[in-house]
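Enquirer: Work out the full structure, taking the sequences as your base and the hints as a guide.
There are 2 protein chains.
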Amino acid sequence: MANTKFIKSEFFFEEDVRESVAEVPVDKHQPWPENEKLKVVGKEIPRIDGYDKTSGTALYTFDINLPHMAHAKILRSVWPHARIKSIDTTQAENLPGVLAVITHKNIPEIKWFEDSFLFDTKIRYEGEEIAGIAAETEEIAEKALKLIKIEVEELDFTVDPGQAMKETAPKIHEGGNIVGGNPFTYERGNFEEGIKNADAIIEETYSTQVVVHNPTEPHCSVANWDGDKLTVWDSTQAIFTVRGVVSRALNIPENNVRVIKKYMGGGFGSKLAGGKYTVIAALLAKKTGRPVRLTLDRREMNLAVGNRPDSVQSLKLGAKKDGTLTAMSHYAYGSSGAYQSGAGCSWPFRTVYQCPNVKVEEYTVYINAGPGRPFRAPGHVQGTFAMDSAIDLLAGRINMDPLEFRLKNYAEKDQVYNIPYTSKKLREAYEAGAKAIGWEKRNKQPGVGTGRYKTGIGMGTQIWWGGGGPPAYVTLKLNRDYSVEVLAGSQDLGTGTYTFVAQVASEVLEIPMERISVILGDTGVVPYGPPSGGSVTSPSISPAVRDAAEQMKQKLMKAAAAVLSLKENDLVYKNGTVSSKSDPSKSIFLSDIMGKINEPVLVTTGAREANPEGYMIQTFGAQFADVEVDTLTGKVRVKKIVAAHDIGRVLNRTLLENQFHGGIIQGIGFALMEERIIDGNTGKVLTTNLHDYKLPLITDMPEIEVIIVSEGDPMISNTGVKGIGEPAHIPTAAAIANAIFNATGVQIKSTPMTPDKVLMALSQNS
Amino acid sequence: MANTKFIKSEFFFEEDVRESVAEVPVDKHQPWPENEKLKVVGKEIPRIDGYDKTSGTALYTFDINLPHMAHAKILRSVWPHARIKSIDTTQAENLPGVLAVITHKNIPEIKWFEDSFLFDTKIRYEGEEIAGIAAETEEIAEKALKLIKIEVEELDFTVDPGQAMKETAPKIHEGGNIVGGNPFTYERGNFEEGIKNADAIIEETYSTQVVVHNPTEPHCSVANWDGDKLTVWDSTQAIFTVRGVVSRALNIPENNVRVIKKYMGGGFGSKLAGGKYTVIAALLAKKTGRPVRLTLDRREMNLAVGNRPDSVQSLKLGAKKDGTLTAMSHYAYGSSGAYQSGAGCSWPFRTVYQCPNVKVEEYTVYINAGPGRPFRAPGHVQGTFAMDSAIDLLAGRINMDPLEFRLKNYAEKDQVYNIPYTSKKLREAYEAGAKAIGWEKRNKQPGVGTGRYKTGIGMGTQIWWGGGGPPAYVTLKLNRDYSVEVLAGSQDLGTGTYTFVAQVASEVLEIPMERISVILGDTGVVPYGPPSGGSVTSPSISPAVRDAAEQMKQKLMKAAAAVLSLKENDLVYKNGTVSSKSDPSKSIFLSDIMGKINEPVLVTTGAREANPEGYMIQTFGAQFADVEVDTLTGKVRVKKIVAAHDIGRVLNRTLLENQFHGGIIQGIGFALMEERIIDGNTGKVLTTNLHDYKLPLITDMPEIEVIIVSEGDPMISNTGVKGIGEPAHIPTAAAIANAIFNATGVQIKSTPMTPDKVLMALSQNS
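Residue numbers (the numbering used here), protein chains in the order written: chain Z, 464 to 1229; chain P, 464 to 1229.
No lab work stands behind these hints, which were simulated from the structure alone.
Warning: the hint list may mix true and false statements.
No distinction is drawn between identical chains; accordingly, a pair holds when it is met within one copy or between any pair of copies.
Below are the EDC-like pairs computed for lysine to aspartate or glutamate, each with C-alpha atoms no more than 16 Å apart in a straight line [stated by the list, open to error]: (1) K585 / E614; (2) K1147 / E763; (3) K1102 / E1091; (4) K692 / E977; (5) K692 / D512; (6) K1157 / D1219; (7) K1037 / D1055; (8) K516 / D526; (9) K1102 / E1168; (10) K904 / E894; (11) K1147 / E577; (12) K516 / D689; (13) K725 / D689; (14) K876 / E637; (15) K1157 / E824; (16) K692 / D515; (17) K516 / D691; (18) K750 / D689; (19) K784 / E650; (20) K500 / E556; (21) K629 / D619.
Expert: Quick look at the structure:
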């Protein structure tokens, strides 16, 4: 509302998936007590969709097989930068089995990012969409792609953001290569004064690479028209976003588009927006009058559906001898690819450590490469890597323990908006994590060890929103046989949404989990909820489930009072039975209540309440890495990660650990091996398969210990849950970098910290 | 509730589809003004599903075609009464293409009506289910039916209820042939005293035949299992009832069963319960591991899925010379078929006309025939035929105009529960109807005309519940592009539910109908609502739609107040725009409100409020028939029907007239031609196709004039709507009978009033 203090992050240029404002406040329910006093919530409960997934009966988008279905492929640019002069699709159309070919010539003009179109005549990166083909089989469609003849004018290209920022660089968009024309800037206090007051100063440049999401399940859409109604099965993190994108692209109302996604094999941000492939599938389905399936292959995924922007970050930090930070500056730039996506990474830098004098200037830069997309904690992974590396360096300069240094500069409140946190238990996370990793065993002097294998311990700090918020709705249907359907405005990425929704409903209604069905991922069925990104799902949805279930309990209590002719305040609810406190012989089971009032199904709708005004909601945590560096080969082995976090209430310990395992191994991938490489001479991506693009393997998995220091954040919602998707991943790379530093005495200032870089650094140091 | 005065009818033994009790009162909204002040409601708006239906794109259950689907048929008894000694299915199973055969021998015992089972070893009527077969094609399944060998012990049977009531009759169930063992009785005042005070007395016996619903669309189920989840596409008037029946039969929780029905070609009560065919389809699908479709043919529909019980009604009525009714008695019996269904028909007799002394005794009797089922106004059509025939006879005895006689005995309040009506405009209906038919032109002396063709005018009076009530829920989703989805807990029989739901939402939100999608008929998607029977759909659902839409408007107003920084009471809502009353330059369209508060979809759930306590809700009406009797052939031609009714508010004039057209032509079928005939010697039904069972044709359609005298009933709900499905049909036959009486001077006391009966009566009179 007008006078609501609403903290929005700067990192989402498109559909913001985090905080929101509720116009209608929903009553908060009494906060739950600690988990040990709850029966279902917080427990180690296996995921309820586990059998379906492990038995292979779970249907993913690719498994959707409609009668008479056609198959589609996309023709993509082989040029990094070009202008199309002509397209001839005659030969492709004449290939037997080809059903339809669409290009910019025969479809309505559909606007896409900024000044571009679905099929644009200006090509801005290798892999950009030029045409779509539907055919009887995928093989025929693939063959037909090669029969399309294109004449282009090749343009000079740039694939390096540092070069792209220059005036002389080829322009990717008319407005120049700096997104928005200007850098993002931020300043508090007086940086120059702060530096003057410092006893020790460091000035360093760190850089991070572009990584690609590469979820297990490929991006896929199946489109089917029924008259003017379109159904799309889509592998997406955001059913309602896809609905909106498709509706606007095709110029049909949203209620004529239904988007379905039951199961999903990961997204990590690459499936947060509606993809061009989805709209192309819908257009081809319309044109052919048949259902159309369009699945991207691994090469397309590595070229065209998003990536984490790279970064070059120049930091200058000053501290007094006692460890007090006096000044910090952060100058950075990163590539957004050919289309707009934020490359900013300064939020941790501005908020994690107490510092009165801070200056930030950062640029997002267009280059001729696949578009950047939010990737598990946009900006935070790269920002934290640089910041926490610099902090360790600075602590070393004044001979201070890096953890002690962090505690010295502990921020009690948010420094950007100057408001308190709803809760912050980072100190407890530091203490618990340090104890678990054996912080005292670290090398007091970095690199002091001897021999081929050197070990070290390092840490990184995490901050992230993750408080969720409205709008998020849940419809709950209680049937007379005490089976329950919960329709939640959400979708499951594979993170366990099905399970925690059932847990919360089970906790409140005291009905066994087995009696509860959870329905997600269908815009035609579920009410509404946010995209599953930004760690908002559990903090947004779980309170709405609780609200719906509490309303249901109230309905049952009210009805029972009438049926038993007792006062409501004389009644108690336990295991689905309402009993009189004064006369326990009077009791009635919920099915019987429903029978008496002739309501075979009771229905409630719950909603996520508004977040408190004037407070900052953040998750906090620290990860500690214990690594071994092979000084002969340069190979780093992560032996153990301790993750100690404040993420509010744990809904399910098993699912929580799953999330941490995934986040940490993805952090190891970022830290040590993953990298998209573009050949600067040709503008071609060299890493378009999983042989060339190195993902971590099961053999790279360290021992992981997860410690949660929080019991819930009662200020934010009735469940007090914060999200964990991003927090689990943010500080891993920083912790590993600092552990390598602790082991070897040298900092690797560029990710991925591959053996060649480690060896190079070691040789320069010796 | 305990202290809620709750009026339930006696006519529904199974799932009651009419009144209910809400445990949680829902706020009533201000009643709407008369229709002429509304913009959408009440107007002649074509049905929104009209194009789908007339173009053939609408999918009915039979159109559901799943990959790998098998086809099923049911083996039915050829004996009216028998005990199965053995079944040998070997040959059937060995027929190539047969996938599964189920009988009582290889499925779990599934209880059905009373003491019977899904597949019972005791056969109680010709057409009863014995086995189910699934095969690759329907033809193979049909062929396999003939290969099942059955040995039975044939039992004596009875197909006449009068005979069946006797002690010596063959027993169809252990407890004897009178359902419940005793008659239903009712008495008020002192009948014998009333008769003593009468100046004129008549004593007559009327009888009505069994008619079969025979909807256009055959009964059909498609069952498909996905693990332990079952989806059933079913041609049903009651998705939630079918869900319950299937869930209980298969012993699985209700949330594991999803019942879907999008379009339907009529039911008239025959599709109100879950059918055996649905459970058989589910069992065969489980056994074969494939989807199974099972469609009944016309013969099966005429044997086994319900019918309207016949009746024999002996009436004794007394009146004073001035027309005051002094006493009425009603002794009746009717057949329920082989399984329990109420044959009672005395409600109109007890309530339509003011009379202090009334006595009723009525029996429902088992016979060896297909089970009775509710059929468009259970009991009322046959009861009204007898009652209104007797009234005309009695009026004639004292030389009083039958309409004057009815007005003389006008009941101002309900006489059974001695409570007022929420509204009653029967007097206005009488007046308007009489005027429209030209009542003054009727034969002052019945039968006075001369010549081959004699004409006459007659009337009948209608009473019926039709007030609806809770539980009925509606979820409304407003999208940012001001498209709307309304998910209503209901299903459409073909009566226009899709359309009126959209109208009500459009009226409140002031959004064009084209922007509104209505979703019905899917237990997995819609909240909850009553079966579509008993004329409850529009009176139950329309207030829930209005409630959901009004809540949505309130949400928008509240949000707009905050966004515009104005007070809510300064705001006015018009055409989706909220404006300031004091400063009209300040206004905001709903999409912009939603954008400002970052809610891409707003969700509300509405519910039907409780009916008022201590009041009787009834619909009222009178139909007037103008007929021509060919005294040479005995053929009756209905020239015109005027239907004048009090049914609360008209939601859609076009749909209303459609309902009346259907109800009246069905009334003509009942009055003049339809009849199920069983051969008493063999126990076999002789009318199992539409050649032998005579339905009215388009050529039988009279001129119809529909007059609605009511503007809404603000006491019952926020829309003030009463149902019209039953009211449209109830008095037609009585009006025709009285018109024949008026034309010829003789009463035909038995329906259908076929030419042979007319000629016989004329010859006896001359």
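Enquirer: Which earlier hints can't be squared with this structure?
Expert: Violated hints (numbers, rising): 11, 14, 15, 19 and 20; every other hint is consistent with the structure.
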